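Chemist: Protein chains in written order, with our numbering: chain X, 4 to 536; chain L, 39 to 161; chain S, 114 to 486; chain U, 227 to 572.
If you are wondering where the hints come from, they were derived from the structure by calculation, not from laboratory data.
One thing to keep in mind: the hints can contain errors.
[As the list claims (entries may be wrong)] Cut-off 20 Å, straight-line C-alpha distance, at most; resulting in silico cross-link-like pairs (SDA-like, lysine to any residue):
| id | chain 1 | residue 1 | chain 2 | residue 2 |
| --- | --- | --- | --- | --- |
| 1 | X | K397 | U | V519 |
| 2 | S | K326 | X | R142 |
| 3 | X | K168 | X | E200 |
| 4 | X | K423 | U | K377 |
| 5 | L | K69 | S | V319 |
Just so it is clear, the structure is predicted and the values come from calculations on it, not from any experiment.
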Amino acid sequence: MPNETPLLSLEGISKDFYGNVVLEDVTFSVGRGQIVGLVGENGAGKTTLMRILFGMPVIAETGGFKGTVSLDGKPVAFKSPFDALDAGIGMVHQEFSLIPGFTTTENITLNRETMKSNLACDIFGSRMSVLDRAAMRKRASVAIERLGVKLDPDMLVSEMPVGHKQFTEIAREIDRANVKLLVLDEPTAVLTESEAEVLLASLRTLASQGISIIFISHRLHEIVKVADRIVVLRDGKAVKDVPTAGTTVHDIAKWMVGRDVQASVTELSTCKENTFLSVEHLWVDMPGETVRDVSFEVREGEIFGIGGLAGQGKLGIANGIMGLFPGGGKVTVDGKDIPLNDPHGVLNSHMASVSEDRRGVGLLLDETLEWNIAFTAMQAKGEYLTPVLGGLFKLRDEKAMKKLAEQYVKQLEIKCTGTKQRAMELSGGNQQKICLAKAFALNPRLLFVSEPTRGIDVGAKAIVLETLRTYNREFGMTIVMISSELEELRSICHRIAIVDEGKIAGILAPTADIAEFGLLMSGEPDDKNGDAA
Amino acid sequence: MTKRSMIVRGALLALYIAVGIWAYSTGKGYKIFVDNTDPAVAGAITVAIDGATPVKVRLGGYTGIMVKGTGSHRIKIMREGAPDFIGEFRFPPESTAAALAVSGIRPGSEIVVTPVDPETRDR
Amino acid sequence: MTLKADKLGKFLSDNIVTVIFLALTLVAIPFSRLSGTYILSNLIDRFARSSFLVFALILPIMAGMGINFAMVLGATAGQIGLIFAIDNNIMGVQGLVYASLLGMPISILLGWFCGQILNRARGREMVTGFILGFFMDGVYQFFGLYVMGWLIPIKTGQVAQIDGGGVRNTLGLESVRGGLDKIISLKIGPFAFPIVTFAVIALLCVFIIWFRKTKLGQDMRAIGQEQGVSHSAGINVDRTRILAIVISTLLACLGQIIYLQNMGNMFTYTSQRQAGYFAAAAILVGGATVTRATIKNVFIGVFLVHSLYITMPLAGKELFDSAMIGQYMSDFINFGIISLALVLHAWRNRRNADLARAGLRGGAALAAAGGDK
Amino acid sequence: MNRIKAFITDFGWPRIIIALFLLGLFISAPIVGVKLGPSFTDVFNRFGQNAIMVLALVPMVQAGCGLNFGLPLGILAGLLGSTLAMQLGFVGAPGFIVAILITIPFGLLFGLGYGKLLNKVKGEEMTIAMYVGFSAVMLFSILWLVLPYTKADLVMGYAGEGLRRSISLEKYWAKLLNDFLAVRIGDFVFPTGLMLFVGLCVLFIFVFMRTRTGTALTAVGSNPDYARASGVSVERMRTVSTVVSTVLGGVGILVYQQSFGFVQVYDAPLYMAFPAVSALLIGGASVTKASMVNVVIGTFLFQGMLTMTPSVINSVLKTDMSEVIRIIVSNGMIIYALTRKTKVTK
């Protein structure tokens, strides 16, 4: 590049949320017309980094960040995303932010419409101007042309194929007068392979027009194909910043997941040989976590890990089997068929689950701990009820509920003022313990645990994992643990399945090479096109 | 631009006030008490002012009719067995009600309308 | 052949409310034993009377706020204007202009207040708007019965209650009656066309069409579909919603004045609520939904609802030998049709969402089936 | 200081103002020459008269169906109960009991249909409930005209068919509960029977909310996803809550009628849900949470205000502002509740 100052440079960016370090001294720069591929696992800090770049209010609200962001060599500090947009940085999100009943043109020019002023504007302000639809259409066509794709400017978004929606979003960003830098967050996640090809081609076209691009994707071969440079984030640090030339998918995968410190693998219980849970061709319609075709088997007494990146469907497996989202396929536990789409029936089949959505599904935030822990057992199994008036009807057995709650408060070291405290007043870690207690109260033989350590502090994390191990070792409880944290899975599981695009990409032993996990997560079959670069 | 919009907004405000004044001044209703106390001609008369629905006034009685605005009004007096009388009168300015005596009407001469206090005459 | 049947089926299911209403009307007409001429001339009169009111509902629907049951606030403002016009003895069209000039600022104020409230009740705008109308009844009664005659003296005997306190319950509007309708009334055979009123309605249609093309109209359409996306695109969602309600309230104010000048008398403390019930029924009968309404819906709805209003009481009388049954029947149909429209809309929304998801599920199931081989 | 502040935010300014207003009315009543004894009698009578209809709202609020503006459906069941019992010639206590026995199956039927409907329109329950209530009242207005009632006390005198607008209960069971075991202390009469009956109904709901079903119902309202994950059928619980609410609404109107002395048909039930709803909200309930305490406090405050305002204000201002105050307070309270952010915000 002839120009010496890079378009965007990030220097020494650090950010913590209340002491929880998310980004640590991240430094890299993006040159003009350059495509930088940004990769990292969930929670590596990509999202936070982009939030800092865009001046999202949440950053300032949580105490700001350290380091400098410079655009064109000048330090900038955006107060809101609109400042960033004005400065020429565009963002294309993973979820479509389009208006379904509007045409391509209307979406591309949304809130930046070309207008014709009239007398009413003098009275009531510029919002009374009439839209100049011809000019808007022209602008939209220009933007579409710059992308180098074919889009009908008059088509309604609701009638478009997915790929066209993605292009419409990008076109909207480059329609801005001074756009210099585009950030694309997982733009290919929802696209078919051929659509993704077209997208990558148009990104190259844009780069050749001098627009810089930060490309975030977990599809490593795409990164290798399109990026000029690759930045790898891991645990909040930029561990690698290398030119693409000479870099292989295998390398990236390794950098992405590889930890400096080896996880402490504790001694595992010995599980029996017989198959306890068998899942065949499971599909689950869980929005954002669609499971397409999953089959696996779990042995009795095993801790089976399911990993994979967010949105690939790993969470849908537990939710589908527990009957919370519509699904199909064949699930057997201990040789018996499990009814799908029937939460009550599943709970009566010696199964329990701990939801990943603690506040949304896992807890009755407004009710007491006693309620939270005993409710499921009461409803599913009719426990904690006491007959009144000679068995005429049954009432809640508040005493038994209190006893149960006290037992788990003690056992799981739940910090609370008493069992009558409301669940919403507890910290995240203690709430998670309540969720575990709720599941244990059902005395399950098979337990699904989704993201058990998400958003809780280190101490609580250790207790939660230790509790799972204890129940597995001492009561022979079979556990299916679903987590985004690979290290966590490797430290506790007998075997780990990696889910990608709604299917099991592979099942590995916890001791397997870290790069293998990375490749499975990135949807890169180990055997082919590994070294495409 | 702002100056222009100031002017336009000011004009709009002026228009608002002007229309209000117009509506108030030309739309204000006044009461005309039509007295039928003509001893010469016995019988009821029928009166219509400004083309409104005709109202019957019995002999020796009177009726109050609302008219819109001061200025000139057309009155039409119909009487059985006699030709209709059509005349014009002006409502006395600065008063809210007035009386019009049918007996005082002579063809060719001006119609006499005298201001009255509506409170004493009403009902 | 089947394609045609499909199309017909889709048309019927999309317009089921209108179709049911049309069927009811067609049944009621012969039983009412009213002549076509009578019905038609009545319809023309009533059309001029009440279409303006119904237009007040279009913008809030466009902005995704559902049926603006709080339009009674605007109608109230119009009535306050009329009370002053009558009390000050302003007659004819001038009286109506005077009432509008007074009512407009009041309605803008009330609309702004209403918009603020509805912004705090996101997701339940309709029920909140409805209750807001009741709340306003109280404030209005306080104004009419205690403020008027105490803080603001009542000048004219025909406005004051017999015992002196406040505005009377039924107000004769003789002095402004037909103030708009009668400026130019074109008589063709047995039918009288109030030309100026029609012109005002036509003007309003032009305004609505023009408004849809403005930036503000575009913004309203945008927030009506996706508040989140609109917000992140920099559209001030809250303000736009308030503006939609303000314009709606303003139109309701003018609409109520037009309505009452045609009626010629006003039930001081209940007319505004009738306006609200009527407008909601009309726009829904016209085929509008909680999320989509057009000028066409207004016209169809006004015609259909009034046809039923004209014929139903008489049909009831002929059929059951009881005029009361007819009256209750029209009330029942009125409320029932709103319930039906709301239920169908909510139900259709859920069904469509389910269908969309089922499509996805089919794909997944297919993939599963494919995986078998 | 902080605790007081927390209490106020929790309890809400409107309620405190209403409570203080009522207190002021009671204090000023003797000063302006209103006798307290009859006033208290009135307050208690009207409390008992309305409490059960307020109570009827609780199950649906707890199950997350919102404020039951469709209460008129239950009231219609009650009207069927009382008019049919009268038509069949029952009087006195047996008449009242027969009326309840007739009301219950109708309430079950209406509640079931109503619940099924509300399940289809999740999210718009309140608006639709209101209009469904309105339409049902109007449909029944037609039925009151055409149903073959024959008893002379019931039907319109001149035509001999169609119910009267208001039917006197004088010869049937007027004041039955009010007078049962009534205790007279000076010029204050405590309606023991009425209070006992209300107490019984409160106890019934209290016990019901503590059964497995009642617990499930509360959980559905608190967090439907949690309830579903615990094997509870959300739709079924919502229907159950609607049925209970409707039946109780029917019983509520029967109690109301015996205290009021008349059965009012035609469009009388049209707006009956609104005072009940405001009473519940004044008692401290929100759109998603309500308890027995809310019912008792709310009905007492609201009815107390309605009883005391006319007598006190009238003797001071010589004008009846109570209607205006009632409209503003009751609807203002509903708006306050609808616009208040609920405690759990996701």
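Chemist: State for each hint whether it applies.
Modeler: Against the structure, the hints come out as follows:
A threshold of 20 Å between alpha carbons decides the hint, and for X/K397 with U/V519 the separation of about 23 Å lies outside it, so the pair is violated. Using a Cα cut-off of 20 Å, the hinted pair S/K326 and X/R142 holds, with the two alpha carbons roughly 18 Å apart. For a cut-off of 20 Å, the pair hint linking X/K168 to X/E200 stands: about 15 Å separates their Cα positions. For the hint linking X/K423 to U/K377, the alpha-carbon distance of about 57 Å lies beyond 20 Å, and the restraint is violated.
Distance restraint check for L/K69 and S/V319: the Cα-Cα separation of roughly 40 Å exceeds the 20 Å cut-off, and the hinted pair is therefore not satisfied.
Checked against the numbered hints above, the structure breaks hints 1, 4 and 5 and satisfies the rest.
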